[in-house]
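> Each chain, written out:
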Amino acid sequence: MREFVDTAAEAVSRITDGATVLIGGFGNAGQPMELIDALLESGASNLTVVNNNAGQAEAGLALLIKERRVAKIICSFPRQPDSWHFDEAYRAGEIELKLVPQGNLAERMRAAGAGIGAFFSPTGYGTQLAEGKETREIDGKNYVLEHPIRGDFALIKAYAADSYGNLRYRKTARNFGPVMAAAAEHTIVQVDELIEGCLDPEHVITPGIYTDTIVRIPSSSGAFQRAEDEALAAGRPKPCAAPADEAPAGGDIAPESESAAAGAAEQK
Amino acid sequence: MREFVDTAAEAVSRITDGATVLIGGFGNAGQPMELIDALLESGASNLTVVNNNAGQAEAGLALLIKERRVAKIICSFPRQPDSWHFDEAYRAGEIELKLVPQGNLAERMRAAGAGIGAFFSPTGYGTQLAEGKETREIDGKNYVLEHPIRGDFALIKAYAADSYGNLRYRKTARNFGPVMAAAAEHTIVQVDELIEGCLDPEHVITPGIYTDTIVRIPSSSGAFQRAEDEALAAGRPKPCAAPADEAPAGGDIAPESESAAAGAAEQK
Amino acid sequence: MTDTTQNAQNTQAPRVTDQPLTQQELAQLIAADIEPGSFVNLGIGQPTTVSDYLSPEKQVTLHTENGMLGMGPQAHGDQIDEDLINAGKIPVTELPGASYFHHADSFAMMRGGHLDVCVLGAYQVSATGDLANWSTGKPGAIPAVGGAMDLAIGAKDTYVMMDLFTKKGDIKLAQECTFPLTGVGCVSRVYSDHGVFLLDESGVVKVRELHGITFAELQEKLPDVQLEDRTGA
Amino acid sequence: MTDTTQNAQNTQAPRVTDQPLTQQELAQLIAADIEPGSFVNLGIGQPTTVSDYLSPEKQVTLHTENGMLGMGPQAHGDQIDEDLINAGKIPVTELPGASYFHHADSFAMMRGGHLDVCVLGAYQVSATGDLANWSTGKPGAIPAVGGAMDLAIGAKDTYVMMDLFTKKGDIKLAQECTFPLTGVGCVSRVYSDHGVFLLDESGVVKVRELHGITFAELQEKLPDVQLEDRTGA
Chain A
36 MREFVDTAAE AVSRITDGAT VLIGGFGNAG QPMELIDALL ESGASNLTVV NNNAGQAEAG
96 LALLIKERRV AKIICSFPRQ PDSWHFDEAY RAGEIELKLV PQGNLAERMR AAGAGIGAFF
156 SPTGYGTQLA EGKETREIDG KNYVLEHPIR GDFALIKAYA ADSYGNLRYR KTARNFGPVM
216 AAAAEHTIVQ VDELIEGCLD PEHVITPGIY TDTIVRIPSS SGAFQRAEDE ALAAGRPKPC
276 AAPADEAPAG GDIAPESESA AAGAAEQK
Chain B
36 MREFVDTAAE AVSRITDGAT VLIGGFGNAG QPMELIDALL ESGASNLTVV NNNAGQAEAG
96 LALLIKERRV AKIICSFPRQ PDSWHFDEAY RAGEIELKLV PQGNLAERMR AAGAGIGAFF
156 SPTGYGTQLA EGKETREIDG KNYVLEHPIR GDFALIKAYA ADSYGNLRYR KTARNFGPVM
216 AAAAEHTIVQ VDELIEGCLD PEHVITPGIY TDTIVRIPSS SGAFQRAEDE ALAAGRPKPC
276 AAPADEAPAG GDIAPESESA AAGAAEQK
Chain C
-4 MTDTTQNAQN TQAPRVTDQP LTQQELAQLI AADIEPGSFV NLGIGQPTTV SDYLSPEKQV
56 TLHTENGMLG MGPQAHGDQI DEDLINAGKI PVTELPGASY FHHADSFAMM RGGHLDVCVL
116 GAYQVSATGD LANWSTGKPG AIPAVGGAMD LAIGAKDTYV MMDLFTKKGD IKLAQECTFP
176 LTGVGCVSRV YSDHGVFLLD ESGVVKVREL HGITFAELQE KLPDVQLEDR TGA
Chain D
-4 MTDTTQNAQN TQAPRVTDQP LTQQELAQLI AADIEPGSFV NLGIGQPTTV SDYLSPEKQV
56 TLHTENGMLG MGPQAHGDQI DEDLINAGKI PVTELPGASY FHHADSFAMM RGGHLDVCVL
116 GAYQVSATGD LANWSTGKPG AIPAVGGAMD LAIGAKDTYV MMDLFTKKGD IKLAQECTFP
176 LTGVGCVSRV YSDHGVFLLD ESGVVKVREL HGITFAELQE KLPDVQLEDR TGA
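Residue numbers (the working numbering), protein chains in the order written: chain A, 36 to 303; chain B, 36 to 303; chain C, -4 to 228; chain D, -4 to 228.
Keep in mind that a hint or two might mislead.
Stated by the list, open to error - Restricting the straight-line Cα-Cα distance to at most 20 angstroms, the calculated cross-link-like pairs of lysine to any residue (SDA-like) are: (1) B/K133 with C/P175; (2) A/K176 with B/R185; (3) D/K151 with D/G116; (4) C/K151 with A/R37.
Claimed, not checked - Taking beta-carbon pairs under 10 angstroms as the criterion, some of the chain A residues facing chain B (in silico): (5) F154; (6) F155; (7) R171; (8) E172.
What the hints assert, rightly or not - Calculated from the model, a selection of chain C residues having no Cβ within reach of chain B, i.e. all distances over 12 angstroms: (9) T17; (10) Q19; (11) E20; (12) D73; (13) K84; (14) T88; (15) G142; (16) K162; (17) I166; (18) D188; (19) S197; (20) K201; (21) A211; (22) E212; (23) L217.
Worth flagging that the hints you see were computed from the coordinates, not collected in a lab.
Beta carbons: idealized from backbone N, C-alpha and C, even for Gly.
Based on the sequences and whatever the hints tell you, model everything.
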C-alpha cells in the first residue's frame, strides 16, 4: 500500500545496509536533496548507489561518499571539478566504480522496469567500456549486450503527486525520475506539491503503481512554478520562455520568429 | 521537413508498392480510418502491414486485405468474428501471417524507434510462437530474443497536433500511436484538431521530431472531447467518469474524487 | 509465481462444500482474496466479473493493457466515449486517479511485474503452473494470441479462473498441458467451481478448497498428479 | 555515417584560403551546412557556438539529452529556472514548440537515429570516422564518459568540430586513433580550422576545404592516410 509520510527521515527509514539505491536528478534538477540528506542521517551503509554523477562539493551524495557509506557507485560522469570526496575515496580504493554511458544507464534501468532480460545497444561498441561484454552484429551494425540495473529503492523528486500517487514533473527535472520509479522495488518520492484529488489522467507521467512512499518537501521548484502560473494567468509569457526575437518558427503553420542558441552543452 | 496537407489522399501519396506500413489503433480507438481508406484508394500494393488485428467487417484494413493489397501482416489477433476477409485470404494462402504477442509487438516497435538491436523478452518463452527463436536463461528466468519491427511508414491517429508537429492523444486511443511514430521512417498523422501555437511542453506525448505529415480530419473524438470540455467548464464530472458510488477511494490523503487539472494546461 | 500468501483465505466461507461454486461465488472468492491496494488485470470474459465484487474500500486499481490504470465499470448511454475502451474493446469508464499510457509502456508495466494479480481464463493448467489458454491447437484454425502470452507472465501472481471440467467432462488441470502453451510455470493459483488449487514448480498441487468433489474423487481424476490436501477438512 | 549530402556546401565562401578559419568562421560554416528543419544536438564547449549562427528561418530544433527538444538560449536573470537546464547543467530557456521527456526516451531518440546532426568536439578522429573524445587514457585519471558515447552514435550524422592540430602541433586526424575510442566509424565530417574532411568506411579522406594549409602539406602530415582532393582548387 502506498504511504504518505510527513518527514524525509520516515520516508527513507526502510533503507537498510547493503541496499541498492537509485538516486534521481541531473545536476540540481530533479535531485531529491532532502531524501539524500535523510539517508545520510539514517546511517545506512554499504550502499550501492546509481546516479548520473558521484556527488558534488559538500552536499548530498558527496557526503554519503565522504563518510564511506557507498561501497559501489554506478554512474556516467563521476569526475567533476568539485567531486573531491569521490576522487579521494576512489584513489584510496574505498569505492567501486562502474562507469556506464549515460544512455545505457537510462536504458538499463528502463529494461529493469520493463521486464527485459537484456538488450543489444550500439552505444559503447568497440570501446573500453564494452570490454568483456558480449557483442553481436545485427543487420550490419554492431551492438553490445547490456543487462538491467534494478534498485531496491529509488529516491526521486517530482513536482506534484496526487492522492493516488500519480506524479508530474517540471521541465528537465523529469530526467531519471520516471525510469528509476519503475526500476526500483520501492520508490520514495519527494514532491513540492500534494494535489488534493487527482492529476489529469492524460498528463500523468509516472502512474501511481510505481510510487510507494511520498513526502512533501517544498523546494525552489514551487517558487518557479508559481511565478510561471502567475505569468500565464496574467497573459504574459512564461519567465523561462526565450525572448520572442529568439524564438524560431515551428511548423509550416506559423512560420514567423527566430533562432536557437544553446548554452554550453557539457556532456555531463 | 514536416508538412501539413489538406487531404488524406495527399497524406498517403508517398506510400509505394512493397512498403511496410505500421497502422495504429486498438479497436476503433486511435484507428486512422480515413488514412487507411486513402491508402486503399491510392492503389499501393504488396504491402506489409503491422496492426494489432487483421481488419474487421467491410472497412479499412479489411478492404485492403480483401483486395489482396497486403502481402504480409504482422499482428497479435487476426481471428475475429468479423475478420472474414482476412480469414479467406489466409486460407487461400494469399496473405502471409506473422503472429506476435501484443506486448512483444509493441516492444519490438519500441526497440526499432529506440535503436535497440534486439532484446530478451520473457513473453512467449516455451510456446509455439518462440519456436526457432534464440532463448537464454538470465538470472534464473527464461527469455526469447526478439528483434525490432520497423516501418517505412506509420499511419496513426492523434487527437491534436500543434504547429511544431507535437501530438497529444485522447484516453486509450493513445495505444500504439507514440510507439509507431518513432518506429517508422515517415509518420503520417490524422488529427481532430490543429492547435495554433503549441501544446504545453509538459503534456506533449509524441514530440514533433517523430511526425512528418499531418492532416486534419475531424472525427467523433472531437465531439467527445467537446462534451468533456463543456462538462468540466460547467463544473460537472466528465461524461466518461464512473458514477460516484462506483468509485473506489484513492489514496490516504483526499479520498474525494475530483479531476483537478483537466484541460486547463494547454497553452492555447 | 511469487505467491507469498498461498495459504491466505480472506473469506470466512467453508473450504469444503457439497456443491460446486456458482460463477458468482467464484468471482466473489477471488475478489475476496485480492489484497487491498492491489493493481489487477482481469482478463476478457469470466475474469471480468471479479470486478463486481471488489469493494471500493479495498482500493483495487484495474489495469487494461490497451493503456490505462484506474479503469471503471462498463460505460452505458451518455458515458460511452469511443476513445475509452478496455482490452475487450468494450466502452468503459474512468475512475479518479486514472492514468493513460501507450502500448509499450502498458506492456512494460505488466512484463516488469508491477501488477499484483492477473486473473485469466484457461483451457488447461498443468501441475507446475503451465498455462494453455490461447489456442486449442485444432489443425486449420487461424491462430490469434492477442495479449494472452503477455498477461500470462504479466503480474506477480497469475490466477486462473475456470470450470474444472470441460463440457465433455475432461478435467482441465493436468500433469502436463496437451494444448499449446501460453506460458510456462506462470500460474500460481487455480480458482475453479470445484476447488482452489495452489501451484508451484514442485508440481505438488496444494488443494485449498473443494466444492462438490471429494479429495479422493479428485485424485481419481488426476492419477498422475500429486495432490496435497490443504482443505483442513 | 549516413551522410547523403557529402558534397553539399551551403555557403558561398571559398573552399581554399590562405588563413585558417577563426572559431567564429568555423561555427558559421557548420551552421550553414545544417539543413533547414533539422533536429540537432550540439555537444560540449565549442560546438555550442554553432547555435549563434543558426538563422531562425532554418527552423532548426535543438535537443538536449537531459530531456528536451526546443531548447532556447542560455537563461539570464529572471529567466533562470533551476528545473530547466541543458546537458552542461547551465540554465537555458524554452522555445515555442518545446517538449520534455525522460532520460530513457531522450536517449532512445538519439540512439534511434532521429536527430539529424550531432556536433561534437574531439581529441582525435580516424580516417574511417572513429572518434576519441572522452578520455585521454592517462594512467590514474578518473574516467568519466557522460553522454559522449551515446552522442557519438546519436544522430544520422555526427560532425566533429575541432582544431586540426593540438597545441603541441600533433595532427588530430589520423589513420587510427591512439586515444581510447568513444565510437567506431561514427564521424561523417570533420570541421576544423584548417579544413573540412568527409569520412567514410573506405578510409579515403575527402578533403572538401583547406584553410591555411595546402593539400601537399596536409598529405605530409598524414603520410599513412589516403587523401582525395575535393576542394576544386
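> Checking each numbered hint in turn, tell me which of them this model violates, lowest number first.
12, 13, 14, 15
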